[in-house]
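Below are the chains, spelled out letter by letter.
Protein chains: 2
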Amino acid sequence: MGKNKKFVSAITSRDEDFAKWYTDIVKKAELTDYSGIKGCMIIRPYGYAIWENIQADLDRRFKETGHQNVYMPMFIPESLLQKEKDHVDGFAPECAWVTVGGQEKLQERLCVRPTSETLFCEHYSKIIETYRDLPKLYNQWCSVVRWEKTTRPFLRTSEFLWQEGHTMHETEEEAREETLRMLQVYTDFYKETLAIPAVIGRKTEKEKFAGAEETYTIEPMMHNGVALQGGTSHYFGDGFAKQFDITFQGRDNKPHYPHQTSWGVSTRMIGAIIMVHGDDEGLVLPPKISPIQVAIIPIAQHKEGVLDKANELYDRLKKQFRVKLDDSDNSPGWKFSEYEMKGVPVRVELGPKDIENNQCVIVRRDNREKIFVPLDQLEDKIAETLQAIHDSMYEKALKNMQEKTFTAKTYDEFIDIAENHPGFIKAMWCGDTACEEKLKEVTHGVKSRCIPFNEEHIADTCVCCGKPAKHMVFWGKQY
Amino acid sequence: MGKNKKFVSAITSRDEDFAKWYTDIVKKAELTDYSGIKGCMIIRPYGYAIWENIQADLDRRFKETGHQNVYMPMFIPESLLQKEKDHVDGFAPECAWVTVGGQEKLQERLCVRPTSETLFCEHYSKIIETYRDLPKLYNQWCSVVRWEKTTRPFLRTSEFLWQEGHTMHETEEEAREETLRMLQVYTDFYKETLAIPAVIGRKTEKEKFAGAEETYTIEPMMHNGVALQGGTSHYFGDGFAKQFDITFQGRDNKPHYPHQTSWGVSTRMIGAIIMVHGDDEGLVLPPKISPIQVAIIPIAQHKEGVLDKANELYDRLKKQFRVKLDDSDNSPGWKFSEYEMKGVPVRVELGPKDIENNQCVIVRRDNREKIFVPLDQLEDKIAETLQAIHDSMYEKALKNMQEKTFTAKTYDEFIDIAENHPGFIKAMWCGDTACEEKLKEVTHGVKSRCIPFNEEHIADTCVCCGKPAKHMVFWGKQY
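Respectively, the protein sequence lines represent chains A and B. Note that the working numbering has the first sequence beginning at 13, numbered continuously upward. Note that the working numbering has the second sequence beginning at 13, numbered continuously upward.
If we strip away everything but chain A, and leave its shape as in the complex, we get:
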C-alpha cells in the first residue's frame, strides 16, 4: 500500500545481469536500505525477520551441543589486539579506531572488534584454573566491524551481524573434534534449514584465518557458479593460550596450555539464500526461515463471506505456520507479485467459487505448481507442501552445483574452464602457495576454496606447476 508503484517494474533478469538482479531483489523485497555511513547497511524488518529465524535455529543447535552465550565488550585495546602477531597482521589494517572518549583523547586507541579471539582469551586467562574448568564452550551474537572499500548488502559490509563461538579444551584431540563438530553443525544447518548444499573442507595455508593452525570452511555455490565462503571453523592449537598466558592445572597436577577453537557465520548467509534460490520474480525463501510461510489472498474479497472465510482459515493456520492474510485493497494479481517478490513459499487463494466447493488453491513459490485442496485437509497439505518445497529447493541447488563443477587435469583445461565455465574446478595441487597465486592471477580471481575431506585422485601432478600433487582442491571465484 502506498508504495504500490514498486511492483510495476519487474526486476532485472538474473541471467542478464546477476549483480543488478541481486541488488534489485535486496531493494524490492525490502531487505536492506543504504545508510549514510559508508559501507554500513540498515537491515529492514523483512530482512531482520529472516535473520531472527536463522538465529533461533542456529542458537538451538549451539545449545544442544553444549554451548553458552556471553557478551564481550565491543572495544579491543590496541595492545591486546597485538598480543598475537599473525592475528594483528590480519585484522589491524581493516579496523575502525576509537581515539576519543567523552571529551578526552584516549591514552590508548580502541579498535571496534573485527572478531573477539583476544577478548575471549583475556577472559579465559582469568577464569580457567584447572582441567575441571574445561571445556569452556562460549558463543556470542553481536556485530563486528571490518573497514571495507567496496561493499554490497549482506555480502561485504563494514559492519555485519554474526555469531562467534570461542572454545577452550583440555586436549588437542577434543579441540580438533569441536572444530569439526561445529563445521558439521553449519553443514547440517545449511542443508536442513536453508536448503543449500555446499562443499566442505580445509583451507590452504594461504587462505586460512589470521592466527589459526587450521581453518575449515563451508562453501556453497551461488546460482551463477560463484562461491561464497559460508562459514568457518578454526583450530588454534595453543598459540593464543601461550600469548595470553592461559594455563590450567592438569590431571597430572602440572600446568598446561588449553587448546582453542573459534567458528562463525554471519548475515552473509542471507546473501547466499538470495543468490542460491532466487529467480526472476524475486526471492525464493526456504520455508524454515521465511518470515511468512503462507500468504492468504482472498479473491473477490468484497463478495459476501469471502473475508469471513479467509479470517477463519487465518485463525486455523496461524496455530501451525507463520501466516499472513492480506485483505488490503490491492488487486489479487498485485498481491501475487508482492509475495512472489518476498519469496513466500506458499500462497493460498480463496474465492467465492472455492468456498462453494469447500476448497482453496495453494500455489508453490518455487515451481508455481497449483493444487486444489479441500479445506478440511489444508493444514496437512500445507505442511507436506512446505517440506516438498524445501526438498526440491535443495535438489535444484545441488543439481546446479553439480552441473557447474568441473574437473581439470591440465593447466590448459583449468584456464579454459576458468574462462568459460563459471563454477567449481576440481584439480590437483602441489601444496605450494606460489601455484595458488599464479592461478589466481591468470584467471582473474580463481582461488582455492578448500581441500575436501574425501579427495578424489584426478591426476598425479599439480595442475599449475606439474610437480607431484599433494591434494585435490576445489577452486573457484568467490564473493
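A couple of the hints might just be wrong.
Since the list gives no way to pick one copy over another, a pair counts as held whenever it fits inside one copy or between any two copies.
[Said to hold, decoys possible] SDA-like cross-link-like pairs, simulated, lysine to any residue; straight-line CA separation at most 25 Å: (1) K95 x I463; (2) K315 x V385; (3) K459 x L118; (4) K39 x E141; (5) K138 x H235; (6) K117 x V373.
It is worth saying that the hints were derived from the structure and are not from the lab.
With chain A's structure known, arrange chain B on it following the hints.
Quick look at chain B alone, frame taken from chain A:
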C-alpha cells in the same frame, strides 16, 4: 567444581554494606567479569542467560503490540548527530568517537551510537511517503556506548545492552498513545515477569530525555530505598521530523510532519533484580527469568537407586521447567549454597528415604519453606510453587516500597526524611527547576523521580519555595 573455594566465604551482609553486597553477588553468582576496557563489562553465561529470558519475554510483548525489529548501523556521523540541537547537547559529551577507519583518518568523525533517534529519523525520511506508510513501529536490540567516569556492573557501564523502540505516527494523539502504551508494557513486564513494583509517571522538564517533549518513566525502588530509573518512554512531537525533513502526504493530500516516540530498557534491569530481591545468601531470581527454575540435588547419591531416580525426575521435569540435575561430587550442603547464591527459585532434594516413601522435598529460595511432595504430584506442585514464589516476591517488594515511601508537607520534613529515611518522598512542587536544583543540593542527591498519573493533594504550596504548588512529585536518590 574446581572453584569450590568460592562458596566457603559468605558474601557481605546486605544491611551492613549494600554496595559491597551488590558487587559480591555479581561476582559470586558469576554474572559479570571486569574487562580490560575501562567501564565495559563482560556478561558471563549465567548473567547472559537472564538477559536472554528478559529479551524473549519483552520481544513477545513488543511483537504482540505490532512492533517489528530492525538493525541500524552502530556509527553516527557527527553531522547527523548535530541535526537536533537538544539531542546533540545531551549526548555529544559522552560519545566515543571513531576517527580512523582502515588505515586512513576519516573526513568526518563517527560516534558509536549512544542511542539511535538520528539514524531512525534518517531512514524514516526515506521510507515514509504517505499516511498509508504510518505508523512505523520499529524496535532494535543492540549495544550502545556512553562514556562513563565511574561505573558499576549493570547499573552504569560505558557499553550496555538494550532495546530501543522508535515509532512514527500520523497524529499527535496516536503517538502519545504509543508512548503510554509502551510505558504500560514495561510496567506489566516489571510486575508480571520480574516481580518488581514501581512508581510510574512523567519526568519534569529538568529530568527528561534530550530532545523529547515528554519523558515517562518507571521507577522501581531497590531494597535500600534508592530508586533506579527502570525504563523510559518518550514523546517527541514533530521536532526531529522537522529537523530531518520527514513528511508524509496526509489524507487531505497535503504534506504533514509525523509524530514520534522512542522507548527503551537495558541490562540495568538485571541490577534492579539483584537489588530488589537479593538477600544475604545471594541472588533471588524471579521464576519467569531464572536460567534454572528447579535444581535437583540428590542426597547420598552413591546409594543404589538415588541417581537413577534423580535422572528420572530430571527427564520428567525438563519437559515443563528449566531444570538442572547436579550430580557432581560436591556435598549436598555445598550445592544448596551454590544454588542459593545463584537465586534458583526451587530446589528438589531427593534421598534414599524419600525414594522409599515415594516423595521428595522441595525448598523455596525466597523464604526457605520446605514441603514434602509425593513424586506423582511433583510437576503440579512445582508449577504452583513457582507462581507462589513470584507472587510473594512481588508482595515483599511492594511492602518494602510502601514502607519506605514518606510524605513531606514542609521543607523541614523533607530534609529530615531525606537525611534519615532512605526511600521515596511524596511532596508538592511549584514547577520551578530552581527548586529541584536546590533540593538536590541540600539533600546530596534527592531528585524528582516523576509526577505520577494520580497526584495526591498533600499541601497547597511547594515544599521548597512555599509558592503555590502545581504538582505532587515522587522524590528520591537514584542509581
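Against the structure, the hints come out as follows:
no., hint, result
1, K95 x I463, "neither (30 Å within a copy, 53 Å between copies)"
2, K315 x V385, "within (21 Å within a copy, 60 Å between copies)"
3, K459 x L118, "neither (41 Å within a copy, 32 Å between copies)"
4, K39 x E141, "between (51 Å within a copy, 16 Å between copies)"
5, K138 x H235, "neither (47 Å within a copy, 32 Å between copies)"
6, K117 x V373, "neither (66 Å within a copy, 59 Å between copies)"
In terms of the numbered hints stated before, the structure departs from hints 1, 3, 5 and 6, listed from lowest to highest.
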